[in-house]
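Got chain A sorted already, so can you dock chain B onto it with the hints?
Residue numbers (the working numbering), protein chains in the order written: chain A, 1 to 401; chain B, 1 to 333.
In short, the hints are calculated from the structure, not lab data. Some clues are possibly wrong.
[Stated by the list, open to error] Selected chain B positions facing chain A (in silico; Cβ < 10 Å):
| id | residue |
| --- | --- |
| 1 | Val54 |
| 2 | Pro68 |
| 3 | Arg69 |
| 4 | His78 |
| 5 | Leu98 |
Note that CB positions come from ideal geometry on N, CA and C, so glycine has one too.
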Amino acid sequence: MTAQIVAPKERKVAQKRIALTGNHAVALAVKMARAEVIAAYPITPQTPVVEKLAEYVNNGELDAEFIPVESEHSAMSAVIGASAMGARTFTETSSQGLGHMYENLPIAVGMRLPIVMGMAVRTYSAPINVWGDYSDVMSMRELGWIIYIAQNAQEAFDTVIQAYRVAEDSRVHLPAVVAYDGFWTSHVLQPLDVPEDEEEVMRYAPITRSWVKLDVDNPAQLGAVGTPEWYWEIRWQAVEALRASLKVIQEADEEYGKVFGRSYGLLTPYRLEDAELAIVAYGSIFGLVKKVVDRLRREGVRAGALRLRVIRPWPGDMFKKLLEHVDKVAVIDRAINHGGPLYGPMAVEIAATIQKPVYNVLATIGMRAIDSDMIYDAVVKIHRGLWVPNTPYTVGLRGYE
Amino acid sequence: MKVAEEYPGLYEYANFELPQEELFLPGHGLCASCTIGVIARHMLKVLGPDTVVVNPTGCAEVSTVVYPRTNWAVPWIHVAFGNGGSVASGIEAAIKVLKRRGVIDPNRKINVVVFAGDGGTADIGFQALSGLLERGHKVIYVMYDNEGYMNTGIQRSGTTPLGASTTTAPAGRKVPGNVTHKKPMAAIAAAHGIPYVATANPAYVHDMVYKFKKAAEAEGPAFLHILQSCTPGWRFEPKYAIRVLELATETGYWVNYEIDHGEFRVTLPVPRRKPVKCFLELQGRFKHLKPEEVEAIQAVIDRDVEEINRIMGKEVIGPVDPSLPCITPRGAR
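Excised from the complex, chain A in its bound form (with noise of 0.2 Å):
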């Protein structure tokens, strides 16, 4: 929950320690950044969010426009439309909240809008499971949004400002989610420190209107039909500013611990350093990775740790480099890749990377809870060459081998 990179000695500014759920940190977060106009559709486990904010906007606490609309289709097409304007928006969802608007998620990229967007991640239906797995926010992969993935409450409240700063940038201009694990982080109280003066938070990230906006002044059509001769070019200049936000965010997060205190860099090394067997995770358990990896230190295993927080752009090169000397990678994901390569989208995507053969495991889904005792037997497993690489392996999974 703390252990954050740079210690709380070099900060400038000025911070009270506060305790907030995952869910309430963000909405702070969202009031700090002073958003304009934001709309929601309630859907568990992000509903506190939204809450939150209709309440800050209706006390007057943050001069907002709150549109309640009548789904998540309509809260993605309002943030579209408010974007689109020239304001700063936010919305947040989960789940099938997600799959409802998801009509509308590759149009805010194709249209370049810096929307920013929480998800307190949650597994899809069916059977019906409102808890908390990554199964949503993995198929959001191939849309060309930056993801950020957040371990706690901390880092969710300081990803939020730092997504509303990459997603603003005139190299960027694009919309950003940030996701956090749905009840895990989205619900407990933690700890956090946030900044006395919210006009730091506006110096940080000042609203940049830099985008292509609807101006009766110098009227402009977005969304216009792109013809086989132009859709590819224009396209493509999508995929170009993603290419080139991983510079921008590592530079927003760098300025962020400059100014706040605290950074997380694109990925986050634990006792990576000598390493002969990485464990990469992300979200809330990678708390008990770090303990696993302790443990496994202690009894004479050189044992690392790596946690995804950026998984959009994919910064690969700093992966490989992470990754370089590591004889055994395992990768621990929370949601199903079915049917693919590897049952873990991560390990996919990771194996593509290293181009070495990682052990796939498969834990938390549907929010099925593991400790760390259940990822210690894993990784003892794969350190003794007791499970094969490439082949999905469950922590948690009832009758199945």
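For chain B alone, kept in the frame of chain A given last:
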């Protein structure tokens, strides 16, 4: 004029000059004689340059904004098929907050208009429209109704009339075309309790521009249901684009009315109606109908007219007069 006697002040209100300036520019790819252009052109003449147009998927979108060209001299956005209402909600909300924050001049009036077809309004866009109306965003929603999915061919939509032959409700040996009734979109919109609802017909431009003006001045959402003749979909000769629309009104198939703050009034009375046969005969989509099927459609119209007269408390749409010629010579009206 009978209308002026019946409703003193009604069109005096519309006695304004339309500007010379064209904001819906020539050079579009609409079909020959398509009346979407008539609607869009007059709409922008009334609303002026400070207008943002939201255009869901439809004929208007694919034929007027093919990159790198455009026919709209105002900011225009297309997002998807079913979300015109919600995109406009976001734009309207953004304008409000940007005015409060001083980004946009608070005294500047910017119209937000959704320009959507019947599919994007009555079918896939119905929910977003209802959300927009229910939340009370100050948006002018203009539905151009060509009574089918004319952009993708000629498939039936929720506003396709009884008996019309379309590619997904074809006149077959067993089923004589579309078996459902036209969805009453203006009445549905009015049921949301919004300040202004009207139906219009581009054959009567004076009446139509008056309604655009009223819609722009409404203090909340305004919904305009505008009939639009479609050459390939309705299958008439291009020269009849306006004639067929006139017949829609003259037969009572289409009634031009407005619901201003709940007050219903017919803005274009028809003292003597032509039989609906006149309207149907001009179009290929009704060619297959047997006399008894035409009679069934006539019976539906008679019932609707009766209802309108009952609401008005007097006869504003008169009885069918079989002695009237289907095609009234020009200047005789």
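| task | Go through the hint on Val54 of chain B and say holds or violated, using the shortest Cβ distance to chain A against 10 Å. | result | Result: holds, 7 Å to nearest chain A Cβ.
| task | Would you settle whether the hint for Arg69 of chain B is holds or violated, based on the nearest Cβ-Cβ distance to chain A being less than 10 Å? | result | holds, 8 Å
| field | Interface hint outcome for Leu98 of chain B [beta carbon to chain A under 10 Å] | value | holds, 6 Å
| field | Status of the His78 of chain B interface restraint (C-beta, 10 Å, chain A) | value | holds, 4 Å
| request: Using Cβ atoms only, decide whether Pro68 of chain B comes closer than 10 Å to chain A, and label the hint accordingly. | output: holds, 7 Å
Of the numbered hints given earlier, the model fails none.
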